[in-house]
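Below, each chain spelled out in residue letters.
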Amino acid sequence: MSETTPTTTYWKSLNELAENQEYKKYAEREFTENATELNDGVSRRGFLRVMGASIALAGFAACRRPVQKILPYSRQPEDIVPGIPLYYATSMPLMGSLVGLVAENHEGRPTKLEGNDMHPASRGGTNAFHQAAILNLYDPDRSRFPRKDGQRASLEDFSTFLSEELGRTTAKRILFISEANSSPTLAAQKAYLTNTYFDNAEWVTYEAFGEENAFRGTDLAFGSRLRPYYKYDQADVVVSLNDDMLSATHPNNVEYSNQITGKRKVTSTKDTMSRIYAVEDSFSVTGSYADNRLRLKASQIPAFTFALAQALSEQTSGLDAFSGVNNSFVGHEWISALAEDLLANRGRSAVSAGLEHAPEVHAAVAAMNVALGNAGNTVDYLEVPHAGDSVETTFEDALTRLNNDEFDVAVIVGGNPVYTSPELAQAIGKVETVVHLSDFYNETSKAATWHINRAHFLETWGDGYSFGGTRSVIQPQIQPLHGGISEIEFLSMFSGSMAKGYDLVRNTFAEYYNDLDAAWVNILHDGIDRIDSFAKPNVRVTSSLGSAVAGALNQTPGSGMEVVIRPDASVYDGRFANNGWLQELPDPMTKITWDNVALMSPATAAQLGVENEDVVSVTVNESSVTIAAWIQPGHVDDAITLSVGYGREGIGRVANRYMDYTSGGSDTYPLRAHNSLFSAGSVSKTGETYEIACVQDHHSLEGRDLYRQATIEKYKKTPEYASFAYIHKYEVPGLKEAAAKGEDEPISLFDEQVYPEYEPQWGMAIDLNSCFGCGVCIIACQSENNIPVIGKKEVKRGREMHWIRNDRYFVGEDADNPQAVHQPVPCMHCELAPCEQVCPVAATTHSNDGMNQMTYNRCIGTRYCANNCPYKVRRFNFFNYPKEYLTTGDDPDIIQMAMNPEVTVRFRGVMEKCTYCAQRVNRAKISAKIETGSPKPADGTVKTACQQACPADCISFGDLTDPNSEVSKIKRNERNYQMLEELNTRPRTSYVAKLTNPNPALA
Amino acid sequence: MTQIFPKWTNQVPRQLLIGLIVVANVVIFGVWYFFSPEYTDVGYAPEQPVPYSHKLHVSQLGLDCQYCHTSVWDSKQANIPATQTCMNCHNQIKTDSDKLAPIRNSWETGEPIEWVRVHNLADYAYFNHAAHVNVGVGCESCHGRIDKMEVVYQAEPLSMGWCLDCHREPEKFVRPIEEVTTMGYSVENQIELGKELVAKNNIHPPQYCQGCHY
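Residue numbers (the working numbering), protein chains in the order written: chain Z, 1 to 1003; chain E, 1 to 214.
Keep in mind that a hint or two might mislead.
To be verified - Listed below are the simulated DSS-like cross-link pairs for lysine-lysine, each with C-alpha atoms no more than 27 Å apart in a straight line: (1) Z:430 to Z:148; (2) Z:685 to Z:793; (3) Z:936 to E:99; (4) Z:971 to Z:736; (5) E:99 to Z:69; (6) E:148 to Z:69; (7) Z:430 to Z:172; (8) E:148 to Z:936; (9) Z:69 to E:55; (10) Z:936 to E:55; (11) Z:971 to Z:717; (12) E:99 to E:148; (13) E:99 to E:55; (14) Z:872 to Z:943; (15) E:148 to E:55.
Bear in mind the hints are in silico, worked out from the structure with no lab data behind them.
Note that the structure is a prediction, hence the values are computed from the model and not measured.
Turn these sequences into a full structure, and let the hints steer you where they fit.
Below, the structure written as structure tokens:
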């Protein structure tokens, strides 16, 4: 890991590293080529296609005096005061776990989701999926009615069908295929339907990317299916064996990222920080956050794991099963370094493996954690009631039996297995009747006899457990917009008439309480019922572990090209494919929007003769997929990484792949066998190319000194390592002249503003030591500030509208194995802002509370300000993105509901940028003024959207006139630095330089 | 050959040009001055679904503003009351009045009454009632003598210049907080009292853009 010196190379793309023509094209222009020219009209169809629910309030026609109506309630509901948002706790189910959220409601419509501070799986943080869930609620492409054989039907029709064909005494053999669901209500229904109500019903839980392998691993190690639940806040050494626990595709990433980054908050030279090792094939966010990273092919991870277990078995007990391991990794420098560090930190280390790795890998990891004394300290093994070993059939078993015609009816409760599992898609064709509950009329619905439209989780009652076992209620915020039903209501229809979700959940909770009525209010208010619901049995490694893993120990990793398939950071397994916010969110590591790609290392690309955007054909077991190639520095050689969820047809206007082959990516599921992470395959160049909208070179600051970091050892020796003077060996220009005048800030040509004493002065600090690049800040900002989605073509032209971007830099000269770092960049709110000096109409000026303010109704769109902004944070509305959609869409009312009524929707030709969430600031100032008489809110009252969403507490915001405010304290730290300090713009946003803690033995 | 145009026609282009400039200036000035909200918006008095008389209810019956507009101290919006508020009295009084039929209808069906909005700020401008009444800006200062209005009309232009008149010199307008809902409030020593109140209530109205536009 390199340290910051003036010569350290930071680069965003291989083109930048090579300083070739391709890169100069981006760097020399204020906007990318074509961004400022109108080369083609944006067709209405084009807009319809990309907007989805991503869009905004109708601008009333510009004619004079539109007659507006005010509609007060007939009977005033208690608590609702027009103009004051209400907040209710709820939870979002995803990947079989709940995360506690708080929904902001404006006059009865939810507009924003935030983390629930009290909920252990959230602690106030969220990930991009949680933030974007609100847009799914208002998605106009959601299924709006039940269908029978593709024709519109009603719930009554379905009810009639159930009573006539699937009555209690039916002879039909039924298979329920459910997505992972932690609901105790659903678990009871499952038991009742399969054990009691039907004679011939079975249940299988299917997730394309589930925890099944981890459960099977602990079953091998301990003899029972337990969930490893890490407590990273106790871990000084973290070893991730291809486990991307910081990514939103991990079921507990919010809690884990909070804990992991919490162990790395350094406020003085006396503090210590944890050490993270990552062993992985593709560059993940966890890998970029790690102190030491090793590139290995996914197929080598098992051998590496067993070699590590072997190394530990020499000095611990309980790893006898692995003592005989003798593979190529035994004696590897990493194995000895890891073993030494782990043994030195017994009980304070944590080893984890990627969820898709084989059960034997998880078993080895579990045994290591027990041997190191970590079990009970840094990792708990939880008995998860819905892990489903007793009542359930395994997916493999179900597949075989479906193929043998052993079922007549398949009831698919949520999920989209026909799309995500090609094997199941085939098997399901043998079933007479398929019933499918789903949010979208998707691939599975089209293959189904009955499609029932499902309600969004913000529309119905539900319950469930978090990953760590916190039991919560899912509280609806709004009536179902399209009359959908939840999965528990759906299942209740099978055993008679449909019960209401509320009654079902209340019945479940009535069993936990003698007096539920008394407890209920608190359960709903806090969003938490009980924290430690899962039992933590004492674990002991079984004696049969040796024989169970023996077969896996001797497997030798394949040597040829291998294909790895992973869930996508934007669309997960494809369920968020119709979400414009997520589609346009740049991937944390590749910075690609709107598509999936085939990732490969520079060496592999050279070997294949492939460059970025070349289409390659990837073949696994005689299935082929064509997809655009993308070179990812830091990727392992001889492997291709693909993500899933793209290449959709007939889902919705955002998700769909278009026949002209310009957006939508490729469907990679045909290459994937269930529950397998990697498989041998072959790759060849097709000769075609496919445009990819990648934002990594957009808004480039051209290698200037923007990112600063050092190892913790260096920090202890030279605490001032991040200062301008230390790095450049000279002082910031203008300081000497200022000293002569008796001032401490460098002299300036501009007039300095005087800030009145009664006003707070806002400032922000971004801790680079906590940021791992997930991008939740971008989505949170988009949701809070009504930022439009503009579509792939527009992104390609560099017109993206995100107010905060997250720059990812590779560090070092080695393109094969660089370090990667992340830097969120919002508006800096410079005190001497260059943008303000050049605006001809004074549309951007400075406010008394120290913000660089943008006044939309003054802006005439000259774009001089963007030209003059050294940080490239200003965004221009090249088109009237909101209005185009609203005047042509089929259901503008629904889409408008997603907008924040506190923030203006901008028109075309207007510049915009981060406002420090001025609407939140002003609301807090007004409340503070009314309550205390001073417009200075107490510290912590104002949180910007990005700050609130961040699970790593990376961003702090507050009043700089208060020396005790959090942000003032952070800004006094010696690691605090300003971006481009030498320009003397005096930015109010500053950065806290990164620290790493690499193992010297692996330097 | 005689000249077709007499000599004085040489002056015509020049006179025309000067005339045009004068006319254009008059037109521009006229539009600028008379098309402002002060002339276009003031006096707007749309017909409401129920001919509710503020004059009757405030002047004769003595209702305070806050009896109906309850959220004015807390929210950015001073709410239009729910039908329920009307029915508090009108389930006893004038129960068979034709004019009140829409109220009873709304009460029975639960459908809201569609009142027509009178005071409408420009888009992009945010106004917060609570921020103003809590520091002593009277209802009357923006809404006029509601107690004398049979039909509510817009009394002030609600233009940005008009807002700034007070934001720049609040002492000319503020009153003690307990007098906020008083109609016809006036004191002789307004400036002197106003300055006292501005100091006492720590009033610093924002004059920067983001105070109202974001």
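Structure-based check of all given hints:
{"no.": "1", "hint": "Z:430 to Z:148", "in the structure": "18 Å, holds"}
{"no.": "2", "hint": "Z:685 to Z:793", "in the structure": "24 Å, holds"}
{"no.": "3", "hint": "Z:936 to E:99", "in the structure": "49 Å, violated"}
{"no.": "4", "hint": "Z:971 to Z:736", "in the structure": "23 Å, holds"}
{"no.": "5", "hint": "E:99 to Z:69", "in the structure": "19 Å, holds"}
{"no.": "6", "hint": "E:148 to Z:69", "in the structure": "23 Å, holds"}
{"no.": "7", "hint": "Z:430 to Z:172", "in the structure": "14 Å, holds"}
{"no.": "8", "hint": "E:148 to Z:936", "in the structure": "39 Å, violated"}
{"no.": "9", "hint": "Z:69 to E:55", "in the structure": "22 Å, holds"}
{"no.": "10", "hint": "Z:936 to E:55", "in the structure": "40 Å, violated"}
{"no.": "11", "hint": "Z:971 to Z:717", "in the structure": "20 Å, holds"}
{"no.": "12", "hint": "E:99 to E:148", "in the structure": "20 Å, holds"}
{"no.": "13", "hint": "E:99 to E:55", "in the structure": "16 Å, holds"}
{"no.": "14", "hint": "Z:872 to Z:943", "in the structure": "24 Å, holds"}
{"no.": "15", "hint": "E:148 to E:55", "in the structure": "5 Å, holds"}
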